[in-house]
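Chemist: In case you want the letters, here they are:
2 protein chains.
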Amino acid sequence: MKKATFYHAGCPVCVSAEESITTIIDADRYDIELVHLGEARQRIAEAESMGVVSVPALVVDGRALHINFGASMEDVKG
Amino acid sequence: MKKATFYHAGCPVCVSAEESITTIIDADRYDIELVHLGEARQRIAEAESMGVVSVPALVVDGRALHINFGASMEDVKG
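Order-wise, the sequence lines are chains A and B.
Here the numbering used here is used: the first residue of the first sequence is 12, the next is one more, and so on.
Here the numbering used here is used: the first residue of the second sequence is 12, the next is one more, and so on.
There may be inaccurate statements among the hints.
Heads up, the list lumps identical chains together, so a pair's fine if it works in one copy or across two of them.
Here are the simulated EDC-like cross-link-like pairs (lysine to aspartate or glutamate), alpha carbons at most 16 angstroms apart as the crow flies [what the hints assert, rightly or not]: (1) Lys14 with Glu85; (2) Lys88 with Asp42; (3) Lys13 with Glu85; (4) Lys14 with Asp37; (5) Lys13 with Asp42; (6) Lys14 with Glu44; (7) Lys13 with Glu59; (8) Lys14 with Asp72; (9) Lys13 with Asp72.
Simulated from the structure, these hints should not be mistaken for lab results.
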């Protein structure tokens with residue numbers, strides 16, 4: 012199984028994108044982890060190191076896919 | 012099979028997003044169509060009617076997922 016990480020902040024745009032991504036992804040090949048950066052603040056640096064500049068974002072195969080726009084990472088940091 | 016439509020304009024951001032999306036999507040459940048709006052200009056109105064405001068974008072289950080940012084639809088129209 013390959014890993015896919017969905018970073019979000021619980022925003023409406025995030026929830027909508029999460030529903031779409033978890034629906035279309037091939038669950039037989041990808042293990043998707045959902046990370047709420049508002050709650051798991053210690054993982055903000057990890058997300059940024061993967062190239063995440065806004066949420067929601069999916070990191071897969073080393074690439075950050077920003078899916079629509081919920082909030083910037085600056086907003087997430089508060 | 013459900014349908015997923017990936018609208019793009021051949022830009023580098025589009026190509027990268029296309030590779031990621033076509034890799035992670037469950038091909039057993041989704042039939043993905045790739046539409047180059049620079050070549051299929053008659054489908055620009057269709058994309059906009061689905062909520063696409065920039066490319067690359069994936070429309071699935073009636074939702075437009077804008078994946079990173081390559082170009083605005085205004086730029087695509089030229």
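Chemist: Now tell me if each hint is right for this structure.
Modeler: Now for the hints, and whether the structure bears them out:
1. Taking the shortest Cα distances, lysine 14 and glutamate 85 never come within 16 angstroms of each other, neither inside one copy (26 angstroms) nor across copies (36 angstroms).
2. In the homo-oligomer, the alpha carbons of lysine 88 and aspartate 42 never lie at most 16 angstroms apart, since the shortest distance is 27 angstroms inside one protomer and 38 angstroms across protomers.
3. Taking identical chains as interchangeable, the C-alpha atoms of lysine 13 and glutamate 85 are never at most 16 angstroms apart, the minima being 29 angstroms within one chain and 37 angstroms between chains.
4. When the C-alpha separation of lysine 14 and aspartate 37 is checked against a cutoff of 16 angstroms, the pair qualifies both within a copy, at 11 angstroms, and between copies, at 15 angstroms.
5. In this homomeric assembly, lysine 13 and aspartate 42 come within 16 angstroms of each other (Cα to Cα) only inside a single copy, at 6 angstroms, whereas the closest approach across copies is 22 angstroms.
6. In this homomeric assembly, lysine 14 and glutamate 44 come within 16 angstroms of each other (Cα to Cα) only inside a single copy, at 8 angstroms, whereas the closest approach across copies is 25 angstroms.
7. Taking CA atoms no more than 16 angstroms apart as the test, lysine 13 paired with glutamate 59 passes in neither setting, with 20 angstroms inside one copy and 34 angstroms between copies.
8. Only within a single protomer do lysine 14 and aspartate 72 lie at most 16 angstroms apart by alpha-carbon distance; the minimum there is 8 angstroms, versus 24 angstroms between protomers.
9. In the homo-oligomer, the alpha carbons of lysine 13 and aspartate 72 lie at most 16 angstroms apart inside one protomer (8 angstroms), although the nearest pairing across protomers, at 25 angstroms, exceeds that limit.
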